[in-house]
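In UniProt numbering, the protein residues as written are 1 to 218.
Treat the hints as calculated values from the structure; they're not laboratory data.
Since the model is a prediction, treat every value here as computed from it, not as a measurement.
Built from N, CA and C at the ideal position, the CB exists for glycine as well.
A couple of the hints might just be wrong.
[To be verified] No farther apart than 25 Å at their CA atoms in a straight line, the calculated lysine to any residue pairs in the SDA-like style are these:
(1) K75 with I46
(2) K74 with L155
(3) K123 with R197
(4) K121 with Q180
(5) K123 with K74
[Stated by the list, open to error] Pairwise CB distance ranges (calculated):
(6) R157 with R188: 27 to 33 Å
(7) R101 with S53: 30 to 36 Å
(8) P183 with A158: 38 to 44 Å
(9) S53 with K121: 15 to 21 Å
(10) G116 with G52: 35 to 41 Å
(11) R48 with R78: 24 to 30 Å
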Amino acid sequence: MNTQTLNDTQLTGLDDMLDRIVADTNLHTSWINTLSFLEHCGARKIHRTDFGSHLDETILSHAAEEARHALFYKKMVRKIDPSAPADFDFSRMLCGYSGFRYFQSLDSGIERRVHGDPELKGKDRSTRNLLCYLYVTTLVEERAMSVFPAYNEALIRAGLPLRLDGIIREEEGHLDEMQQMLPLHDGRWIERLDSMRRFEREIFARFALALQRRVFSA
Numbered sequence: 001m002n003t004q005t006l007n008d009t010q011l012t013g014l015d016d017m018l019d020r021i022v023a024d025t026n027l028h029t030s031w032i033n034t035l036s037f038l039e040h041c042g043a044r045k046i047h048r049t050d051f052g053s054h055l056d057e058t059i060l061s062h063a064a065e066e067a068r069h070a071l072f073y074k075k076m077v078r079k080i081d082p083s084a085p086a087d088f089d090f091s092r093m094l095c096g097y098s099g100f101r102y103f104q105s106l107d108s109g110i111e112r113r114v115h116g117d118p119e120l121k122g123k124d125r126s127t128r129n130l131l132c133y134l135y136v137t138t139l140v141e142e143r144a145m146s147v148f149p150a151y152n153e154a155l156i157r158a159g160l161p162l163r164l165d166g167i168i169r170e171e172e173g174h175l176d177e178m179q180q181m182l183p184l185h186d187g188r189w190i191e192r193l194d195s196m197r198r199f200e201r202e203i204f205a206r207f208a209l210a211l212q213r214r215v216f217s218a
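Using the sequences provided together with the hints, build the complete structure.
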């Protein structure tokens with residue numbers, strides 16, 4: 001991912017917000033539970049998608065890693081507070097419903113764009129499903145690469161013995177895989193992705209605003 005793309009996904013005030021989250025045990029465990037839930041949603045979505053003949057080792061590996069990331073974050077909650085609730089009830093998360101709405105809105109919005117694009121109508125449904133997966137994953141991984149490294153730095157500043165280095169490397173790997181696969185199935189992927197990035201920024205802004213309001217009112 002180029003520097004311009006990364007800059008385009010940056011959230012104003014992210015470092016201050018993450019520092020405040022990390023400093024408050026309740027906020028922190030709720031935040032991590034939200035991350036775990038979103039990783040779980042990603043794995044579940046991959047398993048529910050009809051890829052047809054496109055289902056391969058790369059996609060299966062991605063689904064497995066998303067599920068493993070969800071488990072990693074659950075275990076991270078336990079390291080911070082062994083008594084923290086283990087479920088995915090929205091009340092146990094930091095703006096969990098807003099995070100869920102972000103994921104669902106992104107997924108459904110990209111699906112409408114891909115399946116409704118006249119230039120892509122000639123492709124069979126499983127190929128269009130694959131394109132939805134590739135575009136959504138690219139956008140989610142780009143967003144993760146604007147948040148996870150900043151969160152990792154917040155953990156370091158707070159002196160907590162927790163790190164996301166392994167997850168960050170795997171998310172970077174997912175992003176590279178998506179951007180290698182997209183040109184194979186869509187000759188205009190760069191143009192379409194730029195448009196989809198603008199859409200993602202709009203809906204992520206709602207989630208970010210909910211987070212900021214919750215964190216800075218705590």
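Hint by hint, here is what the structure shows:
no., hint, result
1, K75 with I46, "23 Å, holds"
2, K74 with L155, "16 Å, holds"
3, K123 with R197, "23 Å, holds"
4, K121 with Q180, "22 Å, holds"
5, K123 with K74, "39 Å, violated"
6, R157 with R188: 27 to 33 Å, "42 Å, violated"
7, R101 with S53: 30 to 36 Å, "33 Å, holds"
8, P183 with A158: 38 to 44 Å, "41 Å, holds"
9, S53 with K121: 15 to 21 Å, "19 Å, holds"
10, G116 with G52: 35 to 41 Å, "20 Å, violated"
11, R48 with R78: 24 to 30 Å, "28 Å, holds"
Hint compliance for this structure: hints 5, 6, 10 are not met, and every other hint is.
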